[in-house]
Each structure stands twice: as structure tokens, then as C-alpha cells.
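Asks: As you go down the protein sequences, you meet chains A and B in turn.
The letter at position 480 of the first sequence is residue 480 when you use my numbering, and the numbering goes up by one with no holes.
The letter at position 54 of the second sequence is residue 1054 when you use my numbering, and the numbering goes up by one with no holes.
By construction, these hints were calculated from the structure, which means they are not laboratory data.
Each residue gets a CB set at the ideal place from its N, CA and C atoms; glycine is no exception.
Hints may contain errors.
[Unchecked claim] Simulated crosslink set (SDA-like; lysine to any residue; CA at most 25 angstroms straight-line):
| hint | chain 1 | residue 1 | chain 2 | residue 2 |
| --- | --- | --- | --- | --- |
| 1 | A | K294 | B | C1191 |
| 2 | A | K790 | B | A1172 |
| 3 | A | K567 | B | F1086 |
| 4 | A | K289 | B | L1158 |
| 5 | A | K145 | B | G1206 |
| 6 | A | K521 | B | G1127 |
| 7 | A | K293 | B | C1205 |
| 8 | A | K145 | B | C1205 |
| 9 | A | K293 | B | G1127 |
| 10 | A | K521 | B | L1158 |
| 11 | B | K1166 | A | L525 |
| 12 | A | K567 | B | G1053 |
| 13 | B | K1141 | A | T153 |
| 14 | A | K289 | B | G1206 |
| 15 | A | K790 | B | C1205 |
| 16 | A | K167 | B | C1205 |
| 17 | A | K521 | B | L1120 |
| 18 | A | K46 | A | T513 |
| 19 | A | K521 | B | K1141 |
| 20 | A | K521 | B | F1155 |
| 21 | B | K1166 | A | T153 |
| 22 | A | K302 | B | C1191 |
| 23 | A | K157 | B | A1172 |
| 24 | A | K294 | B | R1201 |
| 25 | A | K145 | B | F1086 |
[As the list claims (entries may be wrong)] Okay, the calculated bits of chain A under chain B, using three or more residues with CB under 8 angstroms as the criterion:
| hint | region |
| --- | --- |
| 26 | 584 to 592 |
| 27 | 650 to 657 |
| 28 | 811 to 818 |
[Claimed, not checked] Some but not every residue of chain A turned toward chain B, in silico, with C-beta under 8 angstroms:
| hint | residue |
| --- | --- |
| 29 | R24 |
| 30 | W146 |
| 31 | P151 |
| 32 | D529 |
| 33 | I533 |
| 34 | F553 |
| 35 | V808 |
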Amino acid sequence: MSTAADLAPTSRAAAWRERLTPRRLRESLQAILESADGDSRRPELKRGNESSVPGLHVIGDLAGAPVIKLAMAQGVEVIDYLSTLPEMRQPASASGDAELLDVLVVGAGASGLNAALAAKERGWRCVVLEKERIANTIDQFPEGKWVYAEPDTVPAKGKLWLDGAQKEELVQRWQQIVRDNALDVRTEQPLQRLAKQGGVFVATTPKGTLRAKKVVLATGQRGNPRKLGVAGEGLGHVYHRLYSPRKYQGERLLVVGGGNSAIEAALTLAEKNQVVLSYRGGEFARVFKDNQKKLDAAIAAKRIEVVFHSQVQEFRPGEATLTVDRGGHREERVVATDHAFVLVGAELPVAFLKGLGIRLENEWEGNPWRALALAIAALFGCLWLGQAFGAEARFTWLGGSWIAQAFFGSDGRGIGLGFVPWWGGLALLLATLALLVRTGVKGDRWSWLSLSFLVWYAIYGIKYDKGDEFWPFKGWGYSALSFPFFDLVGGKWQLVERPWSFWYTALYTVLMTVFGLRAIKRWGLDRKDRFQIWRYTSLLAFQWILFFLIPEFLFQWAVQYQWVGEKLASDPTFADPHQAWRTYGLVYAWPLFFYSFFYSPHQIWVIWGVLLTCVVIPLLVLFQGKRYCSWICGCGGLAETFGDRWRHLAPKGNRSIRWEVMGLWILIAAFVVTLMMLARDGFQLGRLVIDRDTSGFWHDKAEFGMRLYRVVADVWLIGILPVTLYPFLGGKVWCRYWCPLAKLMQYVSKFWTKLGWSRFRIVSNDKCIACGECSRNCQVGIPVMQYALKQDVLDNETSSCIGCGICVTVCPMDTLSFSRDEHGKAKLLPVLPSR
Amino acid sequence: MQARNGRLGELAAWLLLAGCVWLATSTGRRATAQEPPLLAAGHCVACGHATDGVATARPIDHSGRRVAACSDPCAHQFAANADALFARFEARGAWFDENAVTGGGAPPSVARLLSAWFWLGAWVVLGLIGAAWSAYLALSKGLAPLPWLLRGLAFNLLAVVAVALKRPVAAAPPGLAKIAATAAPIDCRECGGPNHPAARRCVGCGAVLTAAAESEAQRALRKGG
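Starting from the given sequences, assemble the full structure and let the hints guide the process.
Replies: Here it is, written out as C-alpha cells:
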């Protein structure tokens, strides 16, 4: 008879087997890769807001326009863009096809109407399809709601009227504009189907079909309220918006949700009704400070009852059943309900968009196993290709420790594979790369991941060491990539072989410079933020000066021309030909760069290394927080420039913040390796302590630890993995999760903040409109909007902010700021004089 | 505070660059010590063996530096191939931890970048700082920043001077702050609630407000009228 103890290992093994099934592995990996998604998911857009369906453009709320004025601007800009296309130069009216439209606009909101007006102005044939009525989303705001016309200093584009006004006035004016301009707006005609026939879109509505050269999708997402998906949600007394709170008096009402809409509705309704507010979370994390205050007062006055950790199970006439989680124990509660308001936000109309064939951002479709197989095949192609460079084609994983082979490329005898010629390897490599590109273009994101991995694995694996490259580049990769370069030798221009490390650094610097200038335009010039201009310039200047001019020229000249003094210039410990790399230690502090202390350094490097880590960095952190990461560091520099376009894909949410603990593990590992190396270098320690020469013991252990750390941290975690993941998880994977210096600065900054000495913080005023742009663009995944809504101070005690200031830059309402007034409170921006 | 940080940042960047340029331009200022400094002290320049305590060891001066040869044959060997042997002891750039192999049968030499690359790098850095400074000044004066960024990249300090001489067309707060895209809300005197600065009636309680700024529509009417 089996006991529980007998069964336990079996069930544990079964659980592990279940976890390691291909399906579960894919799900786990996909969960990490999709961790950027939240409420900010959008269609994948190219230039001119063109979606993955050629000719179908997406604008407005769906395309991320955070406020009405910017949505209106997108409407005009998309028509401007379309007018530059060759196929739009001749209007449809000149084609002889009486029914062909130039543009079909779907959605009669701010962006859609403005696009239609702009199209009409160009003399194009244009029809607007609207599933309900003109300005439907705004029209369904609560009565009398004020509609803001922010940002004030940005002029409104197009013919649509916009000013700070009550929603009724705004909608009335827009209807008048539609009439005055004789726009063909077909209300209550939803787009049911969209197909492309002979290069022309055919749109199907309940009342017929329309043909158009281009389609502009401006449906928005706020008109698509999120639903709970529970029984009874379709009953007549369950609503997904609150239109007229004055209609309800003396009734028992249930409000479901934890955002500002739900709380404002509860507060308004509680004036004349009995309200229960049900929320699945344990606290209201995303509400305005003012709403929180009013809610606290209403709860204290027993006008509202809040039921946290509760979820609606079912709606029935006159009542609703809630499941309440009380610390792991679940219980049911029936709430008397005359009317229920489910206000849990809006969601992207995924089914509608997918029905149109539009691809969404960060959509992990495709086949990961095919991508993996192709990547392995490509690496085998490289193995055979290596024969052209004198390498021996050999599969060595079976010849020794596979970890050693994978990580160190160490020798081990394996199976000879020389029966395939080198050109066979080249053919295999090219074929697999072509297949990856082909499947990637068709929408397989796993193929792009695989391709990115291959590129960066080759770059960093080959750079690891000449003669000790990663498999399958061992023994030939470094030489193969050491391209010649024209230089002046002996008074003549000659082709001089430059090592791969040269080309790598040149590539790094060029990538940073090109994409850095692009980032300066994107964030500094286009958004009029002078902070960003200097931040990016600082990153580029540090890269050029400290990683090019000094280590390549100035150090050599300092020795050659004795700028460092005759004594130092003649000291081989300092002036050895191979010492220039130590100048990286001028700016890279321990533990990011701990080689300043090893391999017989001159004492000047040791003193500077200690000073940098123990004095300079803590002082910098005191005044500037972790701005070292966003103003100085070369690793952060590549992420901020080359990785900038993918910054919105940084992992978000509490789970992703918990992963940051990995930085602590790396910091501890760096500390241990440093101690071991110091013990090795000072092997006399063994003699002194235990009266025995332990240099051999320490030497082996320290060398192993250093080698392991170098491969794991300095190659895989700083190079191959994070750069591979730039297009999928944003640029800050290394900096946020694994960089030991960033973690050290985080602790120092937290310490200064707790003492109340830190000068670094981001503050908010009361203008947040919860558009989420700040959180979306945060490269280190901080939920900035939650801070802004509550007007909480964002510092390094509660977040890993690196002070890049993109959240401040991107905010359309100027809510966030580094500024403080004399009382330490948020300083509101001044009212600008009218122009 | 941002303004001060900005000025400090600019100052630091310029000092760093000025230091680099000063050092680079002083390459002609070789040390004029009576005794040239000993290069690779304690080792023979030809065979690499230790010279300390070797009776036949003798110093050889070359290119303003002093090397040691452990014997006459080594001294002759050095004399025959002085540049190549001497070059082995010269400091080299961090990107080259090995000797370069030159094409066309030329002897191995130290893998060092031509100093013209230094000037290219210095010009890029100068261009970047000039570009940033020009764009910064252009934004502060209400001018279009992109043309000034490009002019700064190409002409660096000349562009900075040119934009500094331009008359401002709009006011902007000093320092590194973002130029505001919105105006601050005004508080209602009755209920204290925030309102759009162009609002004439409180969104919370309906009280009459005095607009603190013109709306776009008013501006448009004024311009049109």
C-alpha cells in the first residue's frame, strides 16, 4: 500500500515533467516576452501610420494619440502623407470609376472626422463609416463633462473645432461642421468586412459595399468597453457606462471597477443612492489623488461600501453575486442591485482588428520550434563554413562537457563532420537565414528572435577571445571577422588587418552615434525638451571621448610624450604596450569593471578604482540618482540610442519588477569573484593566515570563478542576451536586471533617499489624464502613471528610476517634472503668455 | 536646479574636450630631460632577457627614448631593425592587443590608428557639442531647432555663435527644462477644483471663472479679425 511519502516524489516528478513540456515551455517564454503588454497594446504601425495591411492606416486613440487635439492632428497628417504617394496623385474621380473612393474613413471621432475634412479639402472622394453616431465616445461622456483642449501651445490642426468646452457644445459644433462641409458620414453602419480585390479595398457594411483606394481606421478603443464575461452581464440593468447620474435616486447600485471612471461614478451616484463598489484588487493604485480623498471621505461617511478582492460571479434581476477572497479563503456574497455599472476600462478591439488582418505590437505568433531548428541549422552551416578558414568541422558537444563547449568553446574531441564541404555550409547558412527572414516577414516573431540571436551570438561569441571563440566559430571566427582597413603605414596607404574587437567597437560607436542623433530629434527637438538634447549628447560624448579618443590615442601619447610624467611613462606597470584598456576604468566603476584591481595594475588604477566606487559614484548618486545609467554609461548608451525605438516593449507590472532581484545575485557574484581574485593576487594571504602556501588553491578557484563570471556576465548577460532582446523587451534588460553597478547604485540611492538627503526625484502636478504614455515609454518598466495619478513622489526608494526623463518629455499634459518649489512640492509650470 | 545642472554639464563637457584637444596639440612637446627615460626598464630591447646585473648590458638612445641591449649582438640586431623592435615597447590603443599584419610584405608594426582618426573623433565630439548647444539655444529662442542642430554638426562653434546672435521670437524658461506644452490649471474660488485655464465656468460647481489664458479659438478669432 502506498503512503503519501511514496507518492510525493512521483507527483513532484510529474509536476516537473508537466512544466517541461514543449507547450508549457513556450507559454512560459511567451509570458516573459509579452510582459510589456498591458493596457498600452497597439497595432503595429509603420511610416504614415500604415498597418501591417498595406494601404490600411490607423489613427487616433487606436494609434496611441493620448488627447483629442493630437488625435485630430493625426487625422490631418495621415491625409498629408497619403497625398505624397504616387497612387494618390490622380484622384479617384479621374479614374472613370464612379463608385471608387479615394479614402474610406472608419470612425467619426476626432481623428476620423478631421481626416475626412482634410481629404475633402483635397477634392478626394471620401466616405465616413460610423457604427453608432458622430463623436460617439465623447457623446457618451457624463452630462456636462468638460472636454479639455490640451496641449495649449500646440495649435489645433485641421478644420474640426476644438476648445475647452462642455461635451454637448463640442458635439453640437462638430455636427454643424459635418453639415457645413457636406461630409458623407454614414452613421449606424459598422464595418463588417474588409477585403482587397485588384489593389482596391472592398468594405462591407449592413447596407452594401464600398470600394476605396485607401482605408483610414479611426475607430478608437474607448467605445469598446471591457466586459467581465460573467453570466447575466447582458441584462437590462447592467451598464458599461454611466451617462446620466441624475436619473438614479434612492436606489441600490453596484459599481464594478477600480479606476477613476468607476470611482467618479460611485462618488456621483452615492450622493443620492446606496452604493457598493466592488474591486478585484486590494487597493486603488491608479486613481487621482483627489478622487482618493473624496472616496475616503465617502467611505468614512458610510455613503459607499468598498468590497476589495471581490469579483462578480453573476448578475441576476435585483441582485449580484460576488466572490470575495479573504486571505485565501473564498466566500460568496449576494449584493442587492437595482442597477449595476461595470466600469473596468476599455480594451483594444482585438477580434475586430484581427478580422481586418492587422498585426498587433509584440504579437508572438508563429512557431518557436521551427525558429529554433533553423537557428541550430544555421550554426551548423557556420561550422562547415569554417573549413574555408582552416577550421576543422567537428561536432564537439559529445566530446566533453557540453557546458564547457557551449560557454568556453574548449577543446574536446567529437564527431568529425568534414564530409560536408565549406560551400555546403555556406549554402545551409544562407538558406536558413532566408527562411528565417521569410517566415519573419510573414509575421512569425520567433523567427526574428532567432535571427537576432544568431547575429549577436556571433558578434559576442567571436569577440570572446581569439582562438577560443564560442562554438561553432572556434578557431576561425575571429580571423574571419578581422577585416582589413586602409591606413597609412610607412608613408603608404595600405590594407591593414584590424582585429574583430576593433570592428566591434567601431560598430558600437557608429550605431550609438547614428541612433543617438535620431533620438535627439525624436525626444529633444520634436518635443522641445532641452534636457533630452544634452542627455543624448552626454552619452555620445562619453562614448567618443572615453571609449575612443582616450584609449586609442591619448593614453599612447600620454606615455610617448610623457604627459603623465617621466617616471610614470617609464614604468612598465603603467606604460606597458597592453595597458591602454585600463583607461576604461576611468569611467566604469566596480563592479561593472573590476579589472582595475587585477592582473598587476599600477597603483594609480587601484587608487582611482577605489575612489570612483567609494566616493565619486555615491556622491553622484546623492545629487543625480542613477543618472550615471542614462547620461554616462556606454552600455546604457547603446540601449538609449540603438534600443530607443523599442523602449515601449520593456517588461511592465509587479512581476517584472520582482525579477530585478537578479541584479543582486550578480552583485554578490561580482563581490565573491573580486575577493577570490584579490586573494589569488595576494596569495601570501594563505601563508599569513594558515601558515601554508595556498596560492595554487586560490589560483585555480579564482581563475575558474573569473572565467565563469566573464562568460556568464561579460558575454551572455551584458552582450548576447540583452542585445538580442532589444527588439522584444526594450533596451534595458542588462541595465535593469543584471547590471551589478546599477544594483549597487540603487541601494546607495535608496539609502540617501531614506536619510532624506537625496536630491533626485520626479514629482507630479494634478493634471494627469491617465493616458499612460509615461508608463509605456519607461525603459525600466516603472508604472509612472500610478505615481502621477496619486501625485506621489517617484524616487529611488520606491523605484529603480534612472532619471532619463522620457516620462517627463512624453507627457502631453506636462504633469511630471524634476522641479520642486521651496517646500519640496511639485512646481506647476507657468501659464504661458498668449501669442 | 536644472539650469545649474545644465550649465555644469556644459562646462564639464567643454573642459573634457578642451583637455583632449590640448593634450593632442601638445604632441610636439617631447620631454627634454637630460637623460632620456628608459623604455622597458630591465629588459633587452632585442631578445627580451633581463639586463639587470648583466655586465655587457648597455643603453641605446632612440627617438628620444632610451632602451637597453644585453649584448653587442643584440645591439646590432636593434640597429638593423630599430623601428620594428622599438615599436614593440610603445603603448598601443585598447582596440589592438596584438601586432598588426600589414599587406604587401611590409614588416610587422604596432597596430596603431593614424592620428588623423583622432582629429576625426575630436571633430565629431566638437560637432556633437556644437549641435546640441545650437539646438538648445534655438529652442530657447523659439527658433526651429532641427536646422540649427544640423548646422551645429557641420560647423560646430560657428553655428553656436550664429544662433546666439539671433533675436528670440518666443520666451522660454531657462535651463534644461522641457518647454511646456500646456498651461497650468486654475483653481475654482468656490469649490477649489482644478479647471482649464481658458475655462469661463467651473467644471465642478459651475461658478463663474476669470479665464487665465486665451483659448485657441479666441486666438484664431483675434488673428482672423
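Asks: Give me the numbers of the hints this structure contradicts, sorted from smallest to largest.
Replies: 2, 4, 9, 25, 26, 27 and 29
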